Amino acid sequence: MSTRLLVRRAVSTTFVLLGAAIVLLPFVWMLSVSLKPADEIFTREIAFLPTRFEWSNYVEAFTAVDLTRYLMNGVVVCVGILVFQILLAVPCAYALTQRRFRARTLVFGMVLAGLLVPYHVTAIPIFLGLAQLRLLDTYTALILPFVASVFGMFLFRQFFAQIPSDLFEAARVDGLSETAIVWRIAFPLAWPAATAFAVFSVTAHWNDLFWPLIATSDRALATPPRGIVYFNDQESGSDVGPLMAAAAVVTAPLVIGFLLAQRAFTQGLAAGGLKG
Amino acid sequence: MRRLSRAGRDALTDLWLAGPATVMMIVLIFVPVAIVALLSFTDYQFGARSFRFVGLENYTTLFTDPIGRRAVTNTLLYVAVVIPFSMGLALLVAMALHEMATWSRMLSNVLRAAYFLPVAATLVAMALAWQMLLHPSIGLFNAVLSHLGFPRQDLLSDRGLVLYTLAAIGIWQTIGYNMVLFLAGLAAIPRHLYEAAEVDGADRPWERFWTVTWPMLGPTTLFVAVITATQSFRVFETVATLTDGGPAFASETLVYALYREGFVYFKAGYASAITMVFFAFVLALTLLQFRILERRVHYK
Numbered sequence: 001m002s003t004r005l006l007v008r009r010a011v012s013t014t015f016v017l018l019g020a021a022i023v024l025l026p027f028v029w030m031l032s033v034s035l036k037p038a039d040e041i042f043t044r045e046i047a048f049l050p051t052r053f054e055w056s057n058y059v060e061a062f063t064a065v066d067l068t069r070y071l072m073n074g075v076v077v078c079v080g081i082l083v084f085q086i087l088l089a090v091p092c093a094y095a096l097t098q099r100r101f102r103a104r105t106l107v108f109g110m111v112l113a114g115l116l117v118p119y120h121v122t123a124i125p126i127f128l129g130l131a132q133l134r135l136l137d138t139y140t141a142l143i144l145p146f147v148a149s150v151f152g153m154f155l156f157r158q159f160f161a162q163i164p165s166d167l168f169e170a171a172r173v174d175g176l177s178e179t180a181i182v183w184r185i186a187f188p189l190a191w192p193a194a195t196a197f198a199v200f201s202v203t204a205h206w207n208d209l210f211w212p213l214i215a216t217s218d219r220a221l222a223t224p225p226r227g228i229v230y231f232n233d234q235e236s237g238s239d240v241g242p243l244m245a246a247a248a249v250v251t252a253p254l255v256i257g258f259l260l261a262q263r264a265f266t267q268g269l270a271a272g273g274l275k276g
Numbered sequence: 001m002r003r004l005s006r007a008g009r010d011a012l013t014d015l016w017l018a019g020p021a022t023v024m025m026i027v028l029i030f031v032p033v034a035i036v037a038l039l040s041f042t043d044y045q046f047g048a049r050s051f052r053f054v055g056l057e058n059y060t061t062l063f064t065d066p067i068g069r070r071a072v073t074n075t076l077l078y079v080a081v082v083i084p085f086s087m088g089l090a091l092l093v094a095m096a097l098h099e100m101a102t103w104s105r106m107l108s109n110v111l112r113a114a115y116f117l118p119v120a121a122t123l124v125a126m127a128l129a130w131q132m133l134l135h136p137s138i139g140l141f142n143a144v145l146s147h148l149g150f151p152r153q154d155l156l157s158d159r160g161l162v163l164y165t166l167a168a169i170g171i172w173q174t175i176g177y178n179m180v181l182f183l184a185g186l187a188a189i190p191r192h193l194y195e196a197a198e199v200d201g202a203d204r205p206w207e208r209f210w211t212v213t214w215p216m217l218g219p220t221t222l223f224v225a226v227i228t229a230t231q232s233f234r235v236f237e238t239v240a241t242l243t244d245g246g247p248a249f250a251s252e253t254l255v256y257a258l259y260r261e262g263f264v265y266f267k268a269g270y271a272s273a274i275t276m277v278f279f280a281f282v283l284a285l286t287l288l289q290f291r292i293l294e295r296r297v298h299y300k
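Quick note, the sequences are listed as chains E and C, same order.
The first sequence runs 1 to 276 under full-length UniProt numbering.
The second sequence runs 1 to 300 under full-length UniProt numbering.
These are computed hints drawn from the structure, not numbers from a lab.
One thing to keep in mind: the hints can contain errors.
Over the 10 Å line for every Cβ pair with chain E, so calculated as not near, a few chain C residues [claimed, not checked]: (1) 113; (2) 122; (3) 153; (4) 213; (5) 234; (6) 262.
Take a look, some chain C residues computed to stay more than 10 Å from chain E by CB distance [unchecked claim]: (7) 31; (8) 191; (9) 246.
Chain E stretches covered by chain C per the calculated footprint, using a threshold of three residues with CB under 8 Å from any CB of chain C [said to hold, decoys possible]: (10) 164-176; (11) 214-225; (12) 254-263.
Computed from a predicted model, the values in this text were never measured in an experiment.
A virtual CB, placed ideally from N, CA and C, is assigned to each residue, including glycine.
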């Protein structure tokens, strides 16, 4: 191996290691502050590691605000949205590829057009509609606006389009109803697409602040990001340890999920870039 | 009951399968888009009993009012800062990791995961972590600054710096995503092209980059640029968590203005006009993205 190649590798390795350290710095600092006792937080000295680990910040985070409740709300909202999205998107995507009906091109055109619309655009009319129905400040207000995922329909449609229709024809000959074919044959086959979509959907809605900020003002309905914003607003500067602990707790599920299932996460989130 | 014909049954099945999704799409996407477009020409306020059409008044306000203009120019500036830095750094990291994979796949994969971590993390929580890191008195950043003999900076309360600070957080958050797209682009470049370039005398890394890598990455680069732009146009979470558009509207952005005017001040008509301007920007970019994707498919 030539010296020049070695030097080049050393330079580029140093560069990426340094970059990675900067990228990870906020995570490290968040954990570090969350584990430090108060007197070590409020110092001008530089210290990455606490001299003694202080778990009380985490206890405080769960008692100062109702963090458990926020996490539960996050689970309810994410699962609720995902279940309805799949219930609507999978049959529709199946019909778009495996059935011949007149409005098919029109419906697929709507899916493609829908991809162009960021969810911020529909916020005002949907808020008005929910207000009319007296549904603001409910779980419905947090779930309903997202049940029709055009991105999900698009993803499943692309997947079903690759499956030979003979397979479904054989199931029909066996006497299966179309609904049974959708859920017992097509959906299990689309598992890779479903995983990618689930990662995309759960990440997007677990992390979302925009809609929960608009649709709810009741603290009991706060999702995790909404909850820590409440915490940050009420916090007067003395509670930074517990605040960082709460931030770490809220970030943990997705970060751990990502570390355990890197492929699924990378694919799901990369595919999400198609959505406008 | 009369038995349905086969065609009738088929039509019912189609309706059962595709109908609910179609109805929800219309109710939750297309009707709202029509309403928001219509509202943008009115002076409607949430809770008001009536409204009147005011023509283009909301749009003129947005582009003439100093605060409205701040929202537009700030967003454009934010996007203009995030795109080149996020893409440039992502490309450098991707090339380094791509090369590293030839001698240590494991290290390369570990670093790849590290760079991608901010994409999966909850941005609101990480924004608070950044706030701590940049804290004027107890943050690591300022501790280092004052150690080196520089004055402490309150990056999130400084009118001149706040937007760039938010852009830096935006860059931090998008590098990993762009890196993954670039890595896919790099993996798709056939090895023999590099060998051919070498035969033609391009043996320095710089020459190989300009003769092979850069031209072959062309479509990926365009695609990444548009995706970064559409994502950056939506900047909201960091603004709402850290600055509320301040100080003195120095970090006001389109989506934050839409939120504040609409849902804090209840000016639905004006907020609708902001929405439409935001939509126009994103729509133009997304249509561009579709065209690029299409060309990429034809290219193969």
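Hint check results:
1. Not every CB of chain E is more than 10 Å from the CB of residue 113 of chain C (nearest about 6 Å), against its label as outside the interface.
2. With a minimum CB-CB distance of about 5 Å to chain E, residue 122 of chain C fails to clear the 10 Å threshold, and the non-interface call is violated.
3. The beta carbon of residue 153 of chain C sits about 15 Å from the closest Cβ of chain E, which is more than 10 Å, so the claim that it is off the interface holds.
4. Every Cβ of chain E is farther than 10 Å from the Cβ of residue 213 of chain C; the closest lies at roughly 14 Å, confirming the non-interface assignment.
5. Some Cβ of chain E comes within 10 Å of the Cβ of residue 234 of chain C; the nearest lies about 6 Å off, and the non-interface call is violated.
6. The beta carbon of residue 262 of chain C is not kept farther than 10 Å from every beta carbon of chain E, the shortest such distance being approximately 6 Å.
7. With a minimum CB-CB distance of about 7 Å to chain E, residue 31 of chain C fails to clear the 10 Å threshold, and the non-interface call is violated.
8. Against chain E, the non-interface label of residue 191 of chain C holds: every CB pair exceeds 10 Å, the least being about 17 Å.
9. For residue 246 of chain C, the requirement that its beta carbon stay farther than 10 Å from each beta carbon of chain E is met, with the minimum near 14 Å.
10. Counting residues of the region 164-176 of chain E whose beta-carbon sits less than 8 Å from any beta-carbon of chain C gives 0, not enough to reach three: the coverage restraint is violated.
11. Look at the region 214-225 of chain E against chain C: 3 of its residues bring a Cβ nearer than 8 Å to a Cβ of that chain, three or more, so the hint holds.
12. Only residues whose beta carbon comes within less than 8 Å of a beta carbon in chain C count, and the region 254-263 of chain E has 6; three or more means the coverage holds.
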